[in-house]
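What follows is the residue order along each chain.
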Amino acid sequence: MPAAHHLSPRSLQPLATLIGLALLAAACGSEARTITGRAAEIYSGKCARDADATVTVYSGRTEYLIAPILEAFACEMGIDVRVRWGNSTDLAVLINEEGAATEADVFLSRSPGPVGFLEGKGLLGTLDDEVLSLVEPQNQAASGAWVGFSGRKRVLVHNVDLVSDEELPTSVFELTHERYRDRVALPATNGSFEDWFTVFRDTHGNDVATQWLRDMVANDAVYYPNNRAIVEATGRGEIDMGLVNHYYNHQEQIAEGVAHRAENHDFGDEDIGSLLIITAATVLGTAQNVDASNQLIAYLLTEGAQRYFTERTFEYPLAAGVAPNPALPVLTALEIGSVDFDSLGGGFEDTERIIQESGILND
Amino acid sequence: MGFSTTDRRVRQRAPWALKTIGTVVGLLFAFPAAYLIWRNVTTDGGETFTDVVDRTRGPLWRTIRLAILVGASTAVLGTLLAWLTTRTDLPGRRLWRVLLPLPLVYPTFVGAAAFIRTLNPGGLVADLVARIGIHDTPELRGLFGAWLVLTLFTYPYVYLPVAARLRGLPASLEENARLLGSSTWSTFRRIVLPQTASAISTGTLLVVLYAISDFGAVQLMRYDTLTRAVWTTRLNNQPLSFALAAILLVLAVAVVVAQRVMSRRLAEPGRAGSGRKLILPLGRWRPAALATTFVVVVLGLAVPAASLADWAISGIRREATGGRELFISADDLLRPAWNTAWISVVTALVAIVFVLPIAYLVGRYRSRLGSMANAVITATFAMPGLLIALSMFFWTLRNPWAAEHLRGSVVVLVFAYMVRFGAQAVGAATVAVAAVPPRLQDASRILGAGKIRRFATVDLPIMTPGLLAGAGLVLLSTMKELPISLLVAPFDFPTLSTKIFLSFEDAFVAEAGILALVLVGISAILTWLLVVRRADHLD
Chain A
1 MPAAHHLSPR
11 SLQPLATLIG
21 LALLAAACGS
31 EARTITGRAA
41 EIYSGKCARD
51 ADATVTVYSG
61 RTEYLIAPIL
71 EAFACEMGID
81 VRVRWGNSTD
91 LAVLINEEGA
101 ATEADVFLSR
111 SPGPVGFLEG
121 KGLLGTLDDE
131 VLSLVEPQNQ
141 AASGAWVGFS
151 GRKRVLVHNV
161 DLVSDEELPT
171 SVFELTHERY
181 RDRVALPATN
191 GSFEDWFTVF
201 RDTHGNDVAT
211 QWLRDMVAND
221 AVYYPNNRAI
231 VEATGRGEID
241 MGLVNHYYNH
251 QEQIAEGVAH
261 RAENHDFGDE
271 DIGSLLIITA
281 ATVLGTAQNV
291 DASNQLIAYL
301 LTEGAQRYFT
311 ERTFEYPLAA
321 GVAPNPALPV
331 LTALEIGSVD
341 FDSLGGGFED
351 TERIIQESGI
361 LND
Chain B
1 MGFSTTDRRV
11 RQRAPWALKT
21 IGTVVGLLFA
31 FPAAYLIWRN
41 VTTDGGETFT
51 DVVDRTRGPL
61 WRTIRLAILV
71 GASTAVLGTL
81 LAWLTTRTDL
91 PGRRLWRVLL
101 PLPLVYPTFV
111 GAAAFIRTLN
121 PGGLVADLVA
131 RIGIHDTPEL
141 RGLFGAWLVL
151 TLFTYPYVYL
161 PVAARLRGLP
171 ASLEENARLL
181 GSSTWSTFRR
191 IVLPQTASAI
201 STGTLLVVLY
211 AISDFGAVQL
221 MRYDTLTRAV
231 WTTRLNNQPL
241 SFALAAILLV
251 LAVAVVVAQR
261 VMSRRLAEPG
271 RAGSGRKLIL
281 PLGRWRPAAL
291 ATTFVVVVLG
301 LAVPAASLAD
311 WAISGIRREA
321 TGGRELFISA
331 DDLLRPAWNT
341 AWISVVTALV
351 AIVFVLPIAY
361 LVGRYRSRLG
371 SMANAVITAT
381 FAMPGLLIAL
391 SMFFWTLRNP
401 WAAEHLRGSV
411 VVLVFAYMVR
421 FGAQAVGAAT
431 VAVAAVPPRL
441 QDASRILGAG
451 KIRRFATVDL
461 PIMTPGLLAG
471 AGLVLLSTMK
481 ELPISLLVAP
491 FDFPTLSTKI
501 FLSFEDAFVA
511 EAGILALVLV
521 GISAILTWLL
531 VVRRADHLD
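So the sequence lines, in the order shown, correspond to chains A and B. Following my numbering, the numbering of the first sequence begins with 1 at its first residue and continues without gaps. Following my numbering, the numbering of the second sequence begins with 1 at its first residue and continues without gaps.
Just chain A, same shape as in the assembly (with noise of 0.2 Å):
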């Protein structure tokens, strides 16, 4: 009865082939001095040698974006950095399960929502002063439990040829007037939104913001998932414009070239529209290595890779005096930093439950 034989040797060739040539890569991959590639633009000496400590990090941050930095760190002062790649919300999430067991001695937030929940949870501790001396006071939380290491503007992001420059708003208040209707998307479900949403309720009242809300819904302003789909649905004319990240435009304009037929438009100075809202770098309670996790984070403070962080992946420097990158918007008054997170405290579950209750996420 054919078929009940067992795999052929025919069949596992693929598998071999495989195996080998993944030998072959590690080999070639290990024993190095220097470090090459993106990380080599962040430091480009020899490895120091091995200090005999690991920081493990959870990164929110995803990996083309932050992984040269660790691997210089590690390579330029002989610290072995480990790091679970993820969500920022899902590792906050699985920070609070692991609890005073987790492994985690550093967090990387994509935004600050996710920090000050574990700070909620009493799970942060607290950083060195000289780490907090290295950014400015509005760029960390009072507490001295997180501090900001890069940062990423609010922007109305629209597609050129169904927005003409005319009817581009100074402000997101303006959006809820009918010649908006149905052209505006938010991606209400999003951490950094969430984030605004929560200083933009801090900032101008409760009742302004969830009115705001209300008028966007009211105006037919379409739920998107995230930044990247919004920016993606704009390139393309699926919708007229969106509220996102400054980011993820620079990041479509180099994959789609020409084909991607958006630009980001910067609301006017003082517009709550045109927050900057920080990435969160922080130290957890029951770090194993508190030391070698504040180095790691004041080396995202360093020159080299804030310069990084401009030059290669388009954010907004938050230290040692590099500036930004002359692609991005200009960055006006209005940072996030002005604003006391801690002073928001249980701000972010009312943010979830007024978006909620506004309908957007109903069609």
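Treat the hints with caution; some may be incorrect.
In silico contact screen, one side only, chain B against chain A (beta carbon under 10 Å); selected entries [claimed, not checked]: (1) Gly123; (2) Leu220; (3) Arg234; (4) Asp492; (5) Leu502.
Calculated from the structure, these hints are not laboratory results. Just so you know, even glycine gets a beta-carbon here, dropped at the ideal spot from N, CA and C.
Following the hints, put chain B in place on chain A, whose structure we already have.
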């Protein structure tokens, strides 16, 4: 011979050792559900019962609507395609048989995005049809979008078991029906359908549970189901998130119980038969049948692949013309590809070994204990992967030895995958066990063969194709699994799905396209080796 009831087994009592093993397996699979119940009891939140009911009503209703629609459409489509490719003179049957299972390989989070990228306004296809003057292409979103994408990516759950069943069935009855003047359609309805009903029902159950658990497609299509509500509230309102997940689990259990009650009335899976296969002429329906098959393959396979290839090619071209270089090297492809391949193969084999005792309890002994374990394994398939990942930490961290030795090891990773996808193996394994004629068992017992020898020489050879089909499904699902791969895997253990996700999150679409094509390619090769080629041997 065939599926006549002459060899209906005498009901035997299951050996106690098998029952013990079955109990242990059932308990292992209950880890996520137990975790969820525990969290609901211990997490105190400000949510009142009314709040939860308020927040549940909409998502619950949408989930039920989506699950029913996807279940119905995949049952029809999967059965039709299986019948067309095994029993009719559809042109190109061999090619279709290789291609039709493949849409299962797309992770929905990237498959749905590729779908949108190709078909929605401004996309590749929309541009094409705009050139011939069609400007109003429907926008894929909401219930329609989620239904379409899930139907196209999950119909193989029905197609594969039904096709296998049809290949195993003797054609004699259909032949007689034809001789007695029955039309093609009425032969299908009166002979084929009743014989395949249990395979259709098992496959549809998987689809419905998958639709309940899916996050990738409903998120991108913006359709707010229970799974999505669990996800949206996971940080800012955890008590509500756990409550919603518990409701989801109750729904899954209800689906499993309902399927069981309904399938009691269906004909029992018959014994494997052999002999000449009947090929029915489609006649004037041939063009329509061919067009249907073609459209399904184009939409389910080619449309997402076109978008992935478009992303990949423009990225490679960009690098070649001095634009931004790609973030991935050959090593970045090989290591995740290798990790993905071996962990999936191991998971598939382990899953078969774990569910086999349950399959014996159900398929041979009709044991109530077996049915309960089977229900636990099956309902767990509807649980969001994130919760299964969290439950792994919950259990390993509560035992010092496990926390020390198991956390962050591939053992827990394989276990988590297996718990998530065991449902796909247990159905196929039960059918495989039931396909072993008891008479063969009796004969070998009389001839003095021991239990192990009987298993190895009588049962296993007959069960192998069925077990491999189940293993194949687990394999494909594991290859594209995301939340467990991100959170439970050891440090520095990249898989293709995690790399695709991390690329895609920050709009590195060229890298995501290349990685996804590699994933689809490897899946296709493994599907062909393990499922299609073997199935064809039965012809």
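Here is how each hint holds up against the structure:
1. Gly123: Where the cut-off is 10 Å and the nearest Cβ of chain A is about 6 Å from glycine 123 (chain B), the hint holds.
2. Leu220: Where the cut-off is 10 Å and the nearest Cβ of chain A is about 6 Å from leucine 220 (chain B), the hint holds.
3. Arg234: holds (5 Å)
4. Asp492: holds (6 Å)
5. Leu502: Check passed: Cβ of leucine 502 (chain B) comes within 4 Å of chain A, closer than 10 Å.
The structure agrees with every numbered hint stated previously.
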